[in-house]
Amino acid sequence: MILSHGLVVALAVLLLLVLIAMRTPIFIALSVSGIAGLLCLSGPDGLKLVPLAMGAQLQEYALVAAPLYILLGEALAVTGLGRDLFGAAHRWFTRVPGGLGASAIASSTLFGAMSGVSISSVALIGKMAVPEMLSRGYRPGFAAGSVAASGALAMLIPPSLMFILYASVTGESVASLFAGGIVPGLLLATLMIGYVVVRAKLNPDSAPRDGERFSWRERWAAIGKITPALVLIVLVLGSIYTGFATPTEAAAIGALLAFAMTGLVYRKLGWQNLKLIFASTATVSAAMLAIVGSAFVFTQMLVVARVPESLTDFVVGLDVHPYVVLIGIMLVLILLGCLVDAASLLLVVTPILVPAIEELGFDPLWFGVLLVVNLEMAVITPPVGLNLYTMKSVVPELDLGDIFRGIAPYLAIEFALILLMIAVPGTATYLPSLIT
Amino acid sequence: MLDHLRRLVLIGTRSLAVLAMVTTGLMMLSISYDVIARYAFRAPTDWAYPLNSSAVLAVTVLAIPHLYATGHHISMDLVHRSLPPKLRRVADAVTALAAALLGLVLAVTGFQTVLVSYGHGLTGSGTFSVPLWIPDLILCASGAFLLLVAVLFPPHAEPELAATAAGADPAQDGANA
Amino acid sequence: APGAHRPVAATYLTTSYDDLYPGVEMFLGKARELGGFDFDVFPSGQLLGAEELVPGMLHGVADVVVQTSSYVSSSFPILGALELPFTAHDFARYLRACDPASGASRLINEELGRQNMRVLGGMATGFEYLWTIDKPIRTPEDVRGLRMRVAGEIEGETVKALGGAPVFLGSAELYQALERGTIDGMMSYLGTVVSRDLQEILRYGTAAHFGAYTVDAYCRSDWYDSLPGQQRDALDEAGRVLFRDGTAKLIDVHEHEYLPAVRKAGVELIELDEARLRPFQDAASSVHQRWRDLLGDPVAAQRALDLIREA
Ligand code: NA
Ligand code: NA
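Chains as they are written, first to last, in the numbering used here: chain A, 1 to 436; chain B, 1001 to 1177; chain C, 2001 to 2311.
To be clear, the hints were calculated from the coordinates, so they are not data collected in a lab.
Some hints could be false.
Label pairs and their computed distance ranges (CB to CB) [said to hold, decoys possible]: (1) F314/A x L1115/B: 40 to 46 Å; (2) L1005/B x E309/A: 44 to 50 Å; (3) R217/A x G2163/C: 57 to 63 Å; (4) G2113/C x L1005/B: 45 to 51 Å; (5) L1115/B x T227/A: 54 to 60 Å; (6) G2296/C x L1026/B: 42 to 48 Å; (7) D2233/C x V18/A: 48 to 54 Å; (8) L1008/B x A260/A: 36 to 42 Å; (9) L11/A x E2200/C: 44 to 50 Å; (10) G171/A x L1026/B: 44 to 50 Å; (11) E2200/C x R1042/B: 24 to 30 Å; (12) L1005/B x L17/A: 32 to 38 Å.
No residue lacks a Cβ here, since even glycine has one placed at the ideal position from N, Cα and C.
Next up, chain A with everything else stripped away, as it sits in the complex (with noise of 0.2 Å):
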């Protein structure tokens, strides 16, 4: 062994970074940094555990859940229900300062309850909601900021995929964490509109107001047609919360009940549309699940290298109060956050910190969903941030500095609610509490 330990690991992340850079596939540049650590550490015999860190990683039953979610939200999807979720929500907003953005923020809440993934949920949404703000004279990063950041949602409230990636990793409970997400996700939703509203009124030029109306018989109407996809969301998790079913079984039944939904009630379910179901399925769970797989790679190289010990031991002998500890574990998380994307960065740091907030007393349930909070930030923080450059694929005209500049308050609100989440733990904890 030439290079210590810290060398290698810090050579490790500088080309990891490097490579993310030159626009290497992330599941890639996960996989092939952890293995050029490896052979640093221990030689060609290391590379053994390459196959059996993955193989192990995407084995964990827990993740089952994923594809499954998947699943049910690109049924749903087919179906027209970005457009049917945005337009009911329009007509219930209309009186509203920046009524178009409380409903689209609204939407993806929604949407967020049936999708486990956030990249679907700003592209499902932002196509509907985006054209039709700049249409009537949106200002473009206030329209652009109000779908990338609300489409984060649906990795808070759940299902979601975060959550599940979390319990593959440390073992807590799936049903638990979702449970812990409720809270936080509802609150950041209504902190989001709450800002909408807030900013519209003060500067009506960045939302001008139409005099649109809508009767109550079409508002009523519109939420008609989205009430089968609410059921299905009602049933999915009612059936995870009275027992009937795990996550797991949830998401499996959920899936089928909307592939008949989207059959029996919209009859939309043609070859072309089951292709395109499956198709997108595949597509977005193997681009997920790869980076799972590899984040296990990188992470088995830091375990070989004595990080997660090395960094509990300096923590723990830090004399200073644990929530300095954790309000400087949460700066790093969000510096990290803009330079890597959600799921790596989950993946990476869960197993490095828990063992340390273990230690410091705190609660690893409270601490995932704080982490997932952290994560809401980092797909809208640039340059590494998902969301964003879904926003800008799905409404190419916009220019990537208004979005960016159309996020910033909301990294403030986030920050706010993980403050929050800090002096009131209950927030995460308290539901779960009520279902063990």
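Chain A is already provided as a structure; the job is to place chains B and C with the ligands on it using the hints.
The following block gives chains B and C with the ligands in isolation, referenced to the frame of chain A:
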């Protein structure tokens, strides 16, 4: 000749990807069946759990080479986009090299794993046990295909071919709704 | 491999297992003391998770692993001999069979050697209980139709033989699954209950020889054979310490901490007399046949069972 080879490889990767899609459907059906068996017959299966654990690996790993060949993996192009063309080509070459390296490592170490698992008769630990050489072989095969596509499909070398081969774009959800 | 020249020891056990982890430390301590092994230790499944410990060891990623026998007895069926229900009549005899010096243990090592595996010694975790929520189990009929969580193949076959349905479930979901009736009970040793606070939900525990497993130290035979004699002796002695002192510590923790905790939580512990045991033994005899088939070597199977019964 090269085009011919590319099409041939694409048929292979696409078949694996279709297998991944079918597997997703089977996961949905088998788990739903397991729930029904548990409530209706009080007889949950002992195969749903181990088979679906391995199915996640299959769903992921089988689709990886096709997603690479068709440019569907998650990557970040902010820096890349602002590079001068010459550096951009260097970056693309580095990506191709990294992909090939991962493919090679997975193929070789995956193969060694197959040998150990098969030789020792290793299986999972339930009353229905999946022999470990099967997931190991899936990893190994996926690695071999990744190596192939890394060599045959350098990033953006043949955008028109990649486009014809592409599956559904995740950003197109509900596009035809 | 990870430590380059240092031997690597790995286990999925975390230091929070008060009954099991002390034994692991005794084992490693003795091997260090007598053999000078400078182990690079990875506990808590950090390097290799429960499912990968033995595959990883066979690959050379780790040199010594501490693992529950039920996780690996599907791949190494001879280990099932000590897991079968109702082989020994009392715990003392079963314990003698677990001794690394016993005829049964030597036979197991002979068989394992063909697959390049060696068991150095193990802690006996006690006979497994059938734990339930709704009704106590006093006869095999009481098990009929129950969904029982199990962790290994022999346990699963035993539950099947008694008329129940074995359910495989991650231990993280165990508490909620029991609480909401996804499963009706579980088969496990005492430590699984206490480590997850399941005594808060479980109401009954039926104690009999429904099965057993050991927490063993394994290594590759070729690695063991390549060591100088003094280091081999050190590993053997460490294995005996794991069996003798590790098991003693475990029994002590169970008697003075775990059993009182389970009783205090109001779990009714049911003992079965000879007459009540008989129908369970008859029902479970098919598991023995199933295991003989899995092993595929009738002579070795009979020898192993005889050695356990005569231990
Ligand atoms: Na969600
Ligand atoms: Na970011």
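These are the hints, each one checked on the structure:
{"no.": "1", "hint": "F314/A x L1115/B: 40 to 46 Å", "result": "holds, 41 Å"}
{"no.": "2", "hint": "L1005/B x E309/A: 44 to 50 Å", "result": "holds, 49 Å"}
{"no.": "3", "hint": "R217/A x G2163/C: 57 to 63 Å", "result": "holds, 60 Å"}
{"no.": "4", "hint": "G2113/C x L1005/B: 45 to 51 Å", "result": "holds, 48 Å"}
{"no.": "5", "hint": "L1115/B x T227/A: 54 to 60 Å", "result": "holds, 56 Å"}
{"no.": "6", "hint": "G2296/C x L1026/B: 42 to 48 Å", "result": "violated, 31 Å"}
{"no.": "7", "hint": "D2233/C x V18/A: 48 to 54 Å", "result": "holds, 51 Å"}
{"no.": "8", "hint": "L1008/B x A260/A: 36 to 42 Å", "result": "holds, 39 Å"}
{"no.": "9", "hint": "L11/A x E2200/C: 44 to 50 Å", "result": "holds, 49 Å"}
{"no.": "10", "hint": "G171/A x L1026/B: 44 to 50 Å", "result": "violated, 27 Å"}
{"no.": "11", "hint": "E2200/C x R1042/B: 24 to 30 Å", "result": "holds, 25 Å"}
{"no.": "12", "hint": "L1005/B x L17/A: 32 to 38 Å", "result": "holds, 34 Å"}
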